[in-house]
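A.B. asks: Sequence:
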Amino acid sequence: MSVIRVLWRFLVLLLHMLAGIWLSLSIHKTRLADGKTLPDPEPVARWSARLLHIMGIRVITHGRPPKEPGLIVANHISWADIPTLNALTGAAFLSKDSIRYWPVIGWFAIASGSVFIRRGKHEAQRVSAAIAERLLEKRNLAIFPEGTTSDGSEVRRFFPRLLGAAIDTHSPVIPVALRYINEGKLDARIPYTKGRSFLLILLSVLARRGSEVHVFFCDPIPSSECDRRSLADAARKAIQAALSDT
Numbered sequence: 000m001s002v003i004r005v006l007w008r009f010l011v012l013l014l015h016m017l018a019g020i021w022l023s024l025s026i027h028k029t030r031l032a033d034g035k036t037l038p039d040p041e042p043v044a045r046w047s048a049r050l051l052h053i054m055g056i057r058v059i060t061h062g063r064p065p066k067e068p069g070l071i072v073a074n075h076i077s078w079a080d081i082p083t084l085n086a087l088t089g090a091a092f093l094s095k096d097s098i099r100y101w102p103v104i105g106w107f108a109i110a111s112g113s114v115f116i117r118r119g120k121h122e123a124q125r126v127s128a129a130i131a132e133r134l135l136e137k138r139n140l141a142i143f144p145e146g147t148t149s150d151g152s153e154v155r156r157f158f159p160r161l162l163g164a165a166i167d168t169h170s171p172v173i174p175v176a177l178r179y180i181n182e183g184k185l186d187a188r189i190p191y192t193k194g195r196s197f198l199l200i201l202l203s204v205l206a207r208r209g210s211e212v213h214v215f216f217c218d219p220i221p222s223s224e225c226d227r228r229s230l231a232d233a234a235r236k237a238i239q240a241a242l243s244d245t
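According to numbering that gives the first Met the number 0, the sequence shown is numbered sequentially starting from 0.
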């Protein structure tokens, strides 16, 4: 039965990816015609929600996304974090520069207005300016300040540098806690940690009946009168507190 499930879901996933190619090209064409710097986030958010449905990942929210856009700060577990946050908030992301060259995913990252970070001496200043630009345009932008993924059992130390853009633009920081559950326990298959193959993770997810991602929206943290370190610590503590209650 699991073989049939994998084959069926993979076929549907492939068709969804093809639809994603058409959508990303359509968005890019519209942006060129209208001269807009950022697209409408709704089409990409709907595509992300459909992707999660195809993968059998049920999204369960705790709290509500804030009405005022800001800098979303989340713990990082899996590739699924990105479509999850995008589906719920329409957020763009801070991504490694190599992501922009990935088929479909990279095109969508570009289409959603994501900020790409490269290696370089002055890259931190450029990225901070780009994040600030998104925030001033009143768009949600999400970052993963742990700088890496975990298995979901802990929240690693947050690097504070990128939170400076929230302070500079007087934007709220929105902590969001993510947790993947399968059969009442932490989902051990979804985390995209060092040494794990993306393809094997994908196949294992497609083979299962389904899993859940619990998304906890914490209270926004005003960035005024905060420095980067205290803001990072406050966001991390809020996420830890949300996860400790489950």
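Since the hints were derived computationally from the structure, they do not count as laboratory data.
Computed from a predicted structure; not experimentally measured.
For glycine and all other residues, C-beta sits at the position ideal for the given N, C-alpha and C.
Warning: the hint list may mix true and false statements.
Unchecked claim - Pair ranges (Cβ atoms, derived): (1) V58 to S152: 16 to 26 Å; (2) S25 to S223: 15 to 25 Å; (3) S243 to R57: 15 to 25 Å; (4) E182 to E153: 15 to 25 Å; (5) R49 to R156: 33 to 43 Å.
Stated by the list, open to error - In silico DSS-like pairs for lysine-lysine, Cα to Cα no more than 25 Å straight-line: (6) K95 to K193; (7) K236 to K184; (8) K66 to K137.
A.B. asks: So which of the earlier hints does this model not fit?
C.D. replies: 2
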